[in-house]
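Colleague: We have chain A; now place chain B onto it with these hints.
Those sequence lines, one after another, are chains A and B. The opening residue of the first sequence carries number 35 in this note's numbering; numbering runs sequentially from there. The opening residue of the second sequence carries number 386 in this note's numbering; numbering runs sequentially from there.
For the record, the hints were derived by calculation from the structure and aren't laboratory data. None of the values given here were measured: they were computed from a predicted structure. Glycine is no exception: its CB is placed at the ideal position from the N, C-alpha and C atoms. The reader is advised that the hints may include incorrect statements.
[As the list claims (entries may be wrong)] One-sided and incomplete, this derived list gives chain A residues near chain B with beta-carbon spacing under 7 Å:
1. 121
2. 204
3. 298
4. 300
5. 436
6. 439
7. 450
8. 468
Listed below are the residues making up each chain.
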Amino acid sequence: MSVTSRRRFAAIALASVAVLASATACGGDDSSSDSGGGKVTLVVDVFGDQGFGYEDLYKQYQTEHPNVTIQERGKGLGLGDYNTRLTQQITAGAGAGDVVALEEGTIVQFFAQADKFVNLADHGANDLKGNFLPWKWEGGVTPDGKVLGLGTDVGGMAVCYRSDLFKAAGLPTDREQVGALWPTWDDFIAQGQKFAAADKKHKFVDSATNFYNIVLMQTAGAGTGYTYFDKSNKLVIGENPAVQTAFQTTTKMIGAGLSNNLRSFSNEWNAGFKNGSFATIGCPAWMTGVIKGQAGDAAAGKWDVAKAPGNGGNWGGSWLAVPKSSKHQKEAAELAKFLTNAKGQTEAFKKVGNLPSSPQALEDPAVLAATNEYFSGAPIGKIFAAGAKELKPVYLGPKNQAVRDAVENALRSIEQGKAADAAWQDAVKNGQAAGK
Amino acid sequence: MSSLKTPAPPGASARRSRPAPRHSPARRRQLNRLDLRFTPYVFVLPFFVLFAIFGVYPIVYTFWIAMTDRSPMNATISFVGLDNFVELFTNDPQFWNAVVNTFGMFALSTIPQLIIALLLANALNRRIRGQMFFRLAIAMPIITSTAVVALIFSMIYAREFGLMNWLLDLVGVGPVDWRANRFASWFAIATMVDWRWVGYNALIYLAAMQSINKDVYEAAALDGASQRRQFWSITIPQLRPTIIFTLIISTIGGLQLFTEPLMFTSGSGALSGGTEGQFQTITMYLLDVMNQRFRWGYAGAVALVLFLLIASVSFLNYLLARRISSDK
Numbered sequence: 035m036s037v038t039s040r041r042r043f044a045a046i047a048l049a050s051v052a053v054l055a056s057a058t059a060c061g062g063d064d065s066s067s068d069s070g071g072g073k074v075t076l077v078v079d080v081f082g083d084q085g086f087g088y089e090d091l092y093k094q095y096q097t098e099h100p101n102v103t104i105q106e107r108g109k110g111l112g113l114g115d116y117n118t119r120l121t122q123q124i125t126a127g128a129g130a131g132d133v134v135a136l137e138e139g140t141i142v143q144f145f146a147q148a149d150k151f152v153n154l155a156d157h158g159a160n161d162l163k164g165n166f167l168p169w170k171w172e173g174g175v176t177p178d179g180k181v182l183g184l185g186t187d188v189g190g191m192a193v194c195y196r197s198d199l200f201k202a203a204g205l206p207t208d209r210e211q212v213g214a215l216w217p218t219w220d221d222f223i224a225q226g227q228k229f230a231a232a233d234k235k236h237k238f239v240d241s242a243t244n245f246y247n248i249v250l251m252q253t254a255g256a257g258t259g260y261t262y263f264d265k266s267n268k269l270v271i272g273e274n275p276a277v278q279t280a281f282q283t284t285t286k287m288i289g290a291g292l293s294n295n296l297r298s299f300s301n302e303w304n305a306g307f308k309n310g311s312f313a314t315i316g317c318p319a320w321m322t323g324v325i326k327g328q329a330g331d332a333a334a335g336k337w338d339v340a341k342a343p344g345n346g347g348n349w350g351g352s353w354l355a356v357p358k359s360s361k362h363q364k365e366a367a368e369l370a371k372f373l374t375n376a377k378g379q380t381e382a383f384k385k386v387g388n389l390p391s392s393p394q395a396l397e398d399p400a401v402l403a404a405t406n407e408y409f410s411g412a413p414i415g416k417i418f419a420a421g422a423k424e425l426k427p428v429y430l431g432p433k434n435q436a437v438r439d440a441v442e443n444a445l446r447s448i449e450q451g452k453a454a455d456a457a458w459q460d461a462v463k464n465g466q467a468a469g470k
Numbered sequence: 386m387s388s389l390k391t392p393a394p395p396g397a398s399a400r401r402s403r404p405a406p407r408h409s410p411a412r413r414r415q416l417n418r419l420d421l422r423f424t425p426y427v428f429v430l431p432f433f434v435l436f437a438i439f440g441v442y443p444i445v446y447t448f449w450i451a452m453t454d455r456s457p458m459n460a461t462i463s464f465v466g467l468d469n470f471v472e473l474f475t476n477d478p479q480f481w482n483a484v485v486n487t488f489g490m491f492a493l494s495t496i497p498q499l500i501i502a503l504l505l506a507n508a509l510n511r512r513i514r515g516q517m518f519f520r521l522a523i524a525m526p527i528i529t530s531t532a533v534v535a536l537i538f539s540m541i542y543a544r545e546f547g548l549m550n551w552l553l554d555l556v557g558v559g560p561v562d563w564r565a566n567r568f569a570s571w572f573a574i575a576t577m578v579d580w581r582w583v584g585y586n587a588l589i590y591l592a593a594m595q596s597i598n599k600d601v602y603e604a605a606a607l608d609g610a611s612q613r614r615q616f617w618s619i620t621i622p623q624l625r626p627t628i629i630f631t632l633i634i635s636t637i638g639g640l641q642l643f644t645e646p647l648m649f650t651s652g653s654g655a656l657s658g659g660t661e662g663q664f665q666t667i668t669m670y671l672l673d674v675m676n677q678r679f680r681w682g683y684a685g686a687v688a689l690v691l692f693l694l695i696a697s698v699s700f701l702n703y704l705l706a707r708r709i710s711s712d713k
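Chain A with its partners taken away, still in its complex shape (with noise of 0.2 Å):
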């Protein structure tokens, strides 16, 4: 025993004295960023599979700044990953870069500690209002008014559908008459219900998270102005009328049998797109990418998109902070305006098709004459700016997350046979559990 024991130990000690080796190999990494003589590296933190495009901007931006060399990490690091170690690093105030992403859902986090931020007002970000949606530049500024981040996309939203199988289902399939079957979410689950008793081998919607997350923004929209926390971080799940509304519609659209159960982003969701066993998405810009790469060649203008019910909608986007960690924070906070101005946006979303969040990008010739041959030569800068402009800002509170995930745990257990009335009453309990 005593030998193994020590052993152990020896192999203990080895890793960590490999641990030591590889943490000074970072901080030799670190270094070299700080080095004299005006020369200065940028480092930019993004995520997600495509990245955010911006390649050919650094290239751009290193030739008019010559002293400057940017350094990009985190292409192809999912969202919650990135979050996590986001935290990490902004709590403990090291190792962030010097320019970070922060996503829609994320962002409202990061106020709590927006001490850590360089005020981006303090850069003469306040002159740049004018050039983002204004929707999108307040997701971006602190209650107490400090300009945490700039906005780079939006989600947009819009349906995309399956022309085929609304052929076979006898409902139209050109694009604008689709788009004025469904003024509202009710008439929306009325077709549905039309498809449901024409179709029975396919669904008319994935999932009934995606529905409840597009009805929820767009009550909240319209009615109170926030979901589960109001505006003093105070949390209502309970008592705000949009939510309940809007599982209530869910709930609706589950009971008549219109939803496929799939868990968002699972392989069987992903199997779904590829077997083709539902026949409408909500659709903000960058589902579009997700459709074409989930469902492949074979489907090839299968899909369309169309105006979404109710009142436009959002899903997703990301604003660009610079933690006051970066050594190089006036650097930084005018790289991140060069990435997020007018142009920046329209190259970013000729690269990935990340739709714009400045109304000057969305008024451009070359995202207005967007099409998409994959999705039947759909006219997609349109339909998505249109839907985009449109939206009203929702407050998000700091948990929001921990609390929509509860929610839509209790939707998902309505899927697997839950009656309603139960499934909500866990939605709240848990719910507040979860943004204690």
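Modeller: Only chain B this time, still in chain A's reference frame:
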């Protein structure tokens, strides 16, 4: 390393061949004594420094953080005493749900796992054809990454197009939604764990069986003891320390069950372990509290309670295993 910078005197062999002394004999004797006294400590110092950084410090820090409301959301850290523990024990059904799940899956996986491993080892301990092949084959699953095992099993237990539901359909049983039903999810996760660890435990048992003196078996055989009797009266008692070892290792692993139930859900929100927490384990809840709810202090309390649970269950195991051979 820091130890190399300390003015450690040269080793014993160097001392023997050292040329004319530069120091007075008294001073040399003193240095010599210091050398004998402290050099061993300098040699073991690196381990203790690393252990202090990576072992002691995190443990002490966990104790401290568990008594605060530390969170990245709070600008200040305030001391809350035992509030976190009080809340955990009195007002947190989700935590206790996770405890029940963890113990349920632990029992459902560990008991069959060790029994099967023992029987397998006993079978492989006999003279059979292809002995070497089988002994190697049972160890193969250990080298597979847990993530891969979880991924494959998730497909086997998929709700639609899953292998298991297809097999059930063949024998005329309706499909099971493996993630919706609590017991079904426990069963699925237990099979994942067992597939990977049965071979490992069997190998340990086998090694221990080989070290049992063959004379004992021969004597027993001469006295007319059957194979079964030999197994119960010789093999099991002789394996006692090994069984205790595997029990404790399985307990630690079982109560820290994480990757399998996490990967059992693909897509978003996997930490909640099913829609109603059907298969959320304590470690998953710990991460949920820490990374989704940002209550780092509370997560510290969860971690400490998990530690206490493992320690007490290991102790119970030890008491149980001690009785195995004393009851004759």
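Colleague: All hints are to be evaluated individually against the structure, with a verdict given for each.
Modeller: Here is how each hint holds up against the structure:
Given the 7 Å rule on beta carbons, the hint for residue 121 of chain A holds: about 5 Å separates it from the nearest Cβ of chain B. At a threshold of 7 Å, the smallest CB-CB gap from residue 204 of chain A to chain B is about 26 Å, leaving the interface hint violated. Taking 7 Å as the C-beta cut-off, the interface hint given for residue 298 of chain A holds, the closest approach to chain B being about 5 Å. Checking residue 300 of chain A against chain B by beta carbon gives a least distance of about 3 Å; that is within 7 Å, so the hint holds.
For residue 436 of chain A, the interface hint holds, the least distance from its beta-carbon to any beta-carbon of chain B being 4 Å, beneath 7 Å. With a least beta-carbon distance of about 5 Å to chain B, the hint placing residue 439 of chain A at the interface is held under the 7 Å criterion. Restraint check, residue 450 of chain A versus chain B: the minimum CB separation of about 4 Å is within 7 Å; hint holds. Annotation: interface hint on residue 468 of chain A holds; nearest CB of chain B at approximately 6 Å, less than 7 Å.
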